[in-house]
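Line order of the protein sequences matches chains A and B. Take the first sequence: its position 69, counting from 1, is numbered 69 in the working numbering, and each next residue is one higher. Take the second sequence: its position 14, counting from 1, is numbered 14 in the working numbering, and each next residue is one higher.
Simulated from the structure, these hints should not be mistaken for laboratory data. Remember, predicted model here, so these are calculated numbers, not experimental data. Hints may be right or wrong, so weigh each one.
[Stated by the list, open to error] Residues from chain A shown here face chain B by an in silico Cβ test under 10 angstroms; the list is partial:
hint : residue
1    : Arg106
2    : Ser107
3    : Thr151
4    : Glu155
5    : Arg159
6    : Ile189
7    : Leu223
8    : Ala224
9    : Leu233
Cβ atoms here follow ideal geometry from the backbone N, Cα and C, with glycine treated the same way.
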Amino acid sequence: MSPVMVSQAPATAAPRTAHGERGVHAELRRLEKERRTGVLHAGDEGAFHVADGAVAFARSRRATGLDRLVVESGAVSAEDWGRIRLGEHGDLRADRQPWGTVPIRRSQLETFALLALFDAAFFLLESASAPVFEEGPAHWLAPVCRVTPATLAHECERRRDGAATPWPSSLADRAPVVPVTRIRRQRVILTGLEAELLVNADGRRSPAELAMDLGRTTYGCLLAVRSLVAAGLVQPPAVQPPVPDAPDAPAAVPAVPGAALGGRRAAGTAPERPAGTDSWWTPPDLDVLVRLRAALEELA
Amino acid sequence: MLGIDGCLKRMMEIPGALSVTLVDGASGLAVAAAGRGDLVDQHEDAAGTTEVVRSILASPALSTSRTGDDIAEIIVCGAGGFHLLTLINGTFDGQLFVHLLIDRDKGNLALARIQVSDLIGELGVTGHG
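Using the sequences and the hints, build the whole thing.
This is the structure in structure tokens:
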């Protein structure tokens, strides 16, 4: 994989950290220093595969997997991909290995592997769960894909939500994409991906689900959905973002009387294990959110 | 079989080539880069060029025909060099493109355009090798 991405990563950019990223990212840095090989689990959200300290692969339950990306793109058939996965074409290591029998171009595999890796890493580095490392054999993609933790952190930092994003990444898998019923424009221009999302949006699936079904990267679809919202073609998410899990984030929640939260997440549960995996994955209760907003407005 | 880096290295052999970045336009990710990164690093490069590609794709004034031809290349000419953005259509997740910066004195835009298109073929767009 690209020596540029490995070697030129600005080391200084590394540990700017929102809360929650610190755990996973710091652990990746430690594994890099010790040149370990194995799997770093981030709760039930997914895992990084580390080979010799470099990140070779990542999967997240919120991001479209490599399998879907490759097969849906039409680059290889599902059967061929299965054979590649099973290692029937032998070890992918070394450029000397005759690539001729492998039914995908090396550059294509590298590209897909990188797209999938950064897509998953974006969601994994936000994870608040405590990472657990498990020593093990290197991932089969390790010969073609290696990224340093610093590069990952740098890219994920760039992808982080801006101040007034119309569709925060925390809602990527929570709010359904609902097309508007009336378009108040004479003419509309869409990119291919935006059109794909719009014709497939059924008012039930979230951007992440659409991405998986279409075999597109989740972050790419999230960006496309944002521009659809900005263009007035998709309704803004009806769900409020989950309560921020970072203690340094605007501390709106503790100000709200516990009663207003229906006792589901009492005020001030934030510290220590902020929005632990369980509550983080609880589907948002619309009713509670509406009452929460009402309570906040009263306070304001 | 060329990997991505092999391909970018070949692009750097194009006369006058100063830097080259392979960008995923769907996410703004710098997939790979080669050459000098002293003006902007590859990540800034990817994010900035992605904005350009997006706004051109969204612009009715710049679509070449009423049927909406796919944009193939975007060229920016400065006093000292050319920026060549070549969009890759094919079996990839969407919107990959190559950003090649060419020195104006040492390079030749027409030649670079041909060579980049050829090398993009090597990246795996025209069937499997």
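Each hint tested on the structure:
1. Satisfaction of the interface hint for arginine 106(A) is found here, the shortest Cβ-Cβ separation to chain B being roughly 5 angstroms, below the 10 angstroms cut-off.
2. Hint on serine 107(A) holds. Least Cβ distance to chain B is approximately 5 angstroms, under the 10 angstroms limit.
3. The interface hint given for threonine 151(A) is met, as the beta carbon of that residue sits about 9 angstroms from the closest beta carbon of chain B, less than 10 angstroms.
4. Taking 10 angstroms as the C-beta contact cut-off toward chain B, the hint placing glutamate 155(A) at the interface holds, the least distance being around 6 angstroms.
5. The closest approach between the C-beta of arginine 159(A) and any C-beta of chain B is roughly 7 angstroms, which is under the 10 angstroms cut-off, so the hint is satisfied.
6. Taking 10 angstroms as the C-beta contact cut-off toward chain B, the hint placing isoleucine 189(A) at the interface holds, the least distance being around 5 angstroms.
7. Because the closest C-beta pair between leucine 223(A) and chain B is about 7 angstroms apart, less than 10 angstroms, the hint holds.
8. Hint on alanine 224(A) holds. Least Cβ distance to chain B is approximately 7 angstroms, under the 10 angstroms limit.
9. Look at leucine 233(A): its Cβ only gets to about 13 angstroms from chain B, farther than 10 angstroms, so that hint breaks.
Violated hint for the displayed structure: number 9, the only one.
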